[in-house]
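**Student:** Each chain, letter by letter, is given below.
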Amino acid sequence: MPDSASPGPSISRDELAHLATLARIDLSDAELDHLAPQLSVILESVASIGDVADDDIPPTSHALPLTNVFRDDVVVPGRTAEEALSGAPEQEEQRFKVPRILGDEQ
Amino acid sequence: MSDLITRTAFELSEALADGETSSVELTRACLDRIAAVDGGDGDAVGVHAFLVVDEEGALAQAESADARRSSGQALSPLDGIPIAIKDVLATRGLPTTCGSRILEGWVPPYDATVVSRLREAGLPILGKTNMDEFAMGSSTEHSAYGPTRNPWDLGRIPGGSGGGSAAAVAAYEAPLAIGTDTGGSIRQPAAVTATVGTKPTYGGVSRYGLVALANSLDQAGPVTRTVLDAALLHTVIGGHDPKDSTSIDAPLPDLVGAARRGAEGDLTGVRIGVVKELGGEGYQDGVLARFQESVDLMVAAGAELVEVSCPHFVHALATYYLILPAEASSNLARFDAMRYGLRVTPDGDPHRPPSAEDVMRATREAGFGDEVKRRIILGTYALSSGYYDAYYGQAQKVRTLITRDFEQAFGHADVLLSPTAPTTAFELGAKVDDPLAMYLNDLATIPANLSGVPGISVPSGLADEDGLPAGVQILAPAMADDRVYRVGAAREAMLLAKWGGPLVPPELVEGLDQARPLVEEVAQQPSRDRGATA
Numbered sequence: 001m002p003d004s005a006s007p008g009p010s011i012s013r014d015e016l017a018h019l020a021t022l023a024r025i026d027l028s029d030a031e032l033d034h035l036a037p038q039l040s041v042i043l044e045s046v047a048s049i050g051d052v053a054d055d056d057i058p059p060t061s062h063a064l065p066l067t068n069v070f071r072d073d074v075v076v077p078g079r080t081a082e083e084a085l086s087g088a089p090e091q092e093e094q095r096f097k098v099p100r101i102l103g104d105e106q
Numbered sequence: 107m108s109d110l111i112t113r114t115a116f117e118l119s120e121a122l123a124d125g126e127t128s129s130v131e132l133t134r135a136c137l138d139r140i141a142a143v144d145g146g147d148g149d150a151v152g153v154h155a156f157l158v159v160d161e162e163g164a165l166a167q168a169e170s171a172d173a174r175r176s177s178g179q180a181l182s183p184l185d186g187i188p189i190a191i192k193d194v195l196a197t198r199g200l201p202t203t204c205g206s207r208i209l210e211g212w213v214p215p216y217d218a219t220v221v222s223r224l225r226e227a228g229l230p231i232l233g234k235t236n237m238d239e240f241a242m243g244s245s246t247e248h249s250a251y252g253p254t255r256n257p258w259d260l261g262r263i264p265g266g267s268g269g270g271s272a273a274a275v276a277a278y279e280a281p282l283a284i285g286t287d288t289g290g291s292i293r294q295p296a297a298v299t300a301t302v303g304t305k306p307t308y309g310g311v312s313r314y315g316l317v318a319l320a321n322s323l324d325q326a327g328p329v330t331r332t333v334l335d336a337a338l339l340h341t342v343i344g345g346h347d348p349k350d351s352t353s354i355d356a357p358l359p360d361l362v363g364a365a366r367r368g369a370e371g372d373l374t375g376v377r378i379g380v381v382k383e384l385g386g387e388g389y390q391d392g393v394l395a396r397f398q399e400s401v402d403l404m405v406a407a408g409a410e411l412v413e414v415s416c417p418h419f420v421h422a423l424a425t426y427y428l429i430l431p432a433e434a435s436s437n438l439a440r441f442d443a444m445r446y447g448l449r450v451t452p453d454g455d456p457h458r459p460p461s462a463e464d465v466m467r468a469t470r471e472a473g474f475g476d477e478v479k480r481r482i483i484l485g486t487y488a489l490s491s492g493y494y495d496a497y498y499g500q501a502q503k504v505r506t507l508i509t510r511d512f513e514q515a516f517g518h519a520d521v522l523l524s525p526t527a528p529t530t531a532f533e534l535g536a537k538v539d540d541p542l543a544m545y546l547n548d549l550a551t552i553p554a555n556l557s558g559v560p561g562i563s564v565p566s567g568l569a570d571e572d573g574l575p576a577g578v579q580i581l582a583p584a585m586a587d588d589r590v591y592r593v594g595a596a597r598e599a600m601l602l603a604k605w606g607g608p609l610v611p612p613e614l615v616e617g618l619d620q621a622r623p624l625v626e627e628v629a630q631q632p633s634r635d636r637g638a639t640a
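In the order they appear, the protein sequences are chains S and R.
Okay, so the first sequence: first residue is 1 according to our numbering, each after it adds one.
Okay, so the second sequence: first residue is 107 according to our numbering, each after it adds one.
What the hints contain is simulated information worked out from the structure, not anything from laboratory work.
Glycine included, every Cβ here is placed at the ideal spot set by N, Cα and C.
Hints may contain errors.
Covered by chain R, according to a simulated footprint, are these stretches of chain S (three or more residues, beta-carbon under 8 Å) [claimed, not checked]:
{"hint": "1", "stretch": "58-68"}
{"hint": "2", "stretch": "88-99"}
Derived DSBU-like pairs: lysine-lysine, alpha-carbon spacing no greater than 30 Å straight-line [to be verified]:
{"hint": "3", "chain 1": "R", "residue 1": "Lys503", "chain 2": "R", "residue 2": "Lys382"}
{"hint": "4", "chain 1": "R", "residue 1": "Lys349", "chain 2": "S", "residue 2": "Lys97"}
{"hint": "5", "chain 1": "R", "residue 1": "Lys537", "chain 2": "R", "residue 2": "Lys479"}
{"hint": "6", "chain 1": "R", "residue 1": "Lys537", "chain 2": "S", "residue 2": "Lys97"}
Generate the whole structure from the sequences, applying the supplied hints.
**Tutor:** Quick look at the structure:
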């Protein structure tokens with residue numbers, strides 16, 4: 001949690017490395033050095049909205065007030081396997097071929 | 107160089123209907139123009155609006171259009187008029203890169219609904235236009251394929267993220283283009299290139315096949331040289347789509363009728379609200395001067411001026427730069443090297459082949475540019491445990507307050523006005539290393555995306571200090587897109603009357619048969635007409 005005694009919100013290099021892992025991006029050391037202060041500056045400027053809205057203001061996730069847009073439960077043609085696989089980096093037997101998913105410990 | 111390329115889409119539709127020209131001739135003229143100005147030539151730089159040009163496909167589609175017309179079966183008023191499409195929309199058979207390396211060479215197996223509708227209306231597709239990577243940017247400098255240049259000054263940015271579409275239209279490479287707008291990416295390029303661009307009401311145009319940046323903010327819309335052309339194009343692409351669960355299930359208002367009515371120039375009974383918070387400090391003097399002129403001219407045409415205050419708009423930028431990265435970080439998670447796009451397999455231990463996670467990390471590191479990485483990380487942070495309420499949660503509440511400001515303002519005014527962008531086109535490289543400075547370009551355009559209201563940018567003239575284009579933004583309540591076309595058309599008619607014709611980029615006037623000496627006059631007139639200013 002943000003430390004109330006610290007000067008303002010910021011992202012440390014370690015935090016950035018953790019976020020990069022969450023985001024599945026293998027940031028280089030140079031990027032970690034370069035991005036952390038840049039992101040801290042941006043974060044500081046956007047954190048200003050923290051005090052703007054009272055607790056009783058409802059959040060808006062979507063400008064258009066729609067709920068539960070359904071279609072009839074009817075089978076319609078989908079994409080062919082060929083179309084779906086057309087961008088596949090690797091394929092085998094009409095399936096996407098991917099690197100091993102399970103880690104060493106599993 | 108054919109004069110066909112300087113005509114508006116509406117003029118061309120009449121020329122096609124009259125048999126004065128053919129779609130093949132017109133498409134050929136556009137392709138020739140693209141060949142002449144888009145690529146560099148030795149030391150000379152080109153506009154670089156296009157990432158891919160489909161000469162063969164466009165000409166074949168043009169031939170079909172001509173065959174249809176000669177048998178009296180034109181599909182629409184715009185049948186046969188070529189169009190360029192921002193590279194963020196899926197086009198079957200044509201590469202769709204979103205300006206990113208991670209989708210380099212990816213050819214979609216399907217068309218976006220917007221693209222299907224263009225095909226069904228008979229418009230030949232010239233190619234795909236350049237953009238900031240995944241639509242994140244205000245200058246088109248964040249494209250992985252090099253920037254697009256502003257036809258008004260090739261050393262300057264064309265705006266972003268849809269700089270390619272705006273530049274293509276401004277440079278007469280295409281009479282029409284499609285853009286997308288998440289925080290101003292249609293409107294701001296329009297302002298800095300003296301073209302017209304509309305962001306429809308959220309939900310007004312289908313997002314199916316529009317590679318998502320922020321689902322709650324994205325909209326596709328028309329990029330044109332005139333308001334009537336924008337209304338015609340918007341009518342083709344807009345309307346409910348069952349494949350997009352966020353599209354509005356109601357007919358579009360009569361946009362073309364509104365544009366025609368507006369062009370008559372009478373704004374009697376229209377209440378125009380100038381938003382206090384969208385102007386003043388941070389806005390270039392010349393931009394403000396042209397804006398004030400726009401307001402004065404509208405009042406002279408019968409409009410009633412109201413000053414409105416939207417106090418939470420000062421928080422719009424911060425709200426947007428929390429909500430957008432959050433949604434983007436989620437949307438861009440799909441680029442994981444598993445099913446499509448780039449796959450980078452890192453070197454590793456020969457006894458331990460790389461895992462899927464290793465491949466994802468290496469691919470996304472290699473495939474995404476700096477701005478995309480910044481925003482994904484920021485979004486990941488804002489959504490992560492412990493920070494969600496303080497950042498994303500708070501931003502959603504401020505979004506509610508911004509929407510309430512709009513509702514309140516529209517209680518006093520029929521449309522709201524502001525300058526579209528704070529400055530004219532800045533030089534390439536001037537802001538690319540300063541993210542916050544870049545984000546400020548979206549000051550005036552962002553509120554409309556947060557609340558889903560429609561907005562148009564119409565040229566307001568050239569700024570005195572640098573002779574570069576500025577735009578005036580007109581906003582209307584959600585679903586009232588016709589109002590932006592009516593008032594936009596009226597403003598445009600006043601501009602045409604004042605200058606004797608549309609604004610033409612000086613750098614590209616040479617080679618056009620229809621030479622318009624307008625430009626020299628335009629450059630001199632402002633200081634003559636103005637009272638005492640800098």
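**Student:** Evaluate each hint against the coordinates.
**Tutor:** Consistency of the hints with the structure:
1. 58-68: Result for this restraint: holds, n = 8.
2. 88-99: holds (count 6)
3. Lys503(R) <-> Lys382(R): Holds. Lys503(R) to Lys382(R) sits at ~22 Å (cutoff 30 Å).
4. Lys349(R) <-> Lys97(S): Judged against 30 Å, a Cα distance of about 29 Å means the pair holds.
5. Lys537(R) <-> Lys479(R): holds (18 Å)
6. Lys537(R) <-> Lys97(S): violated (42 Å)
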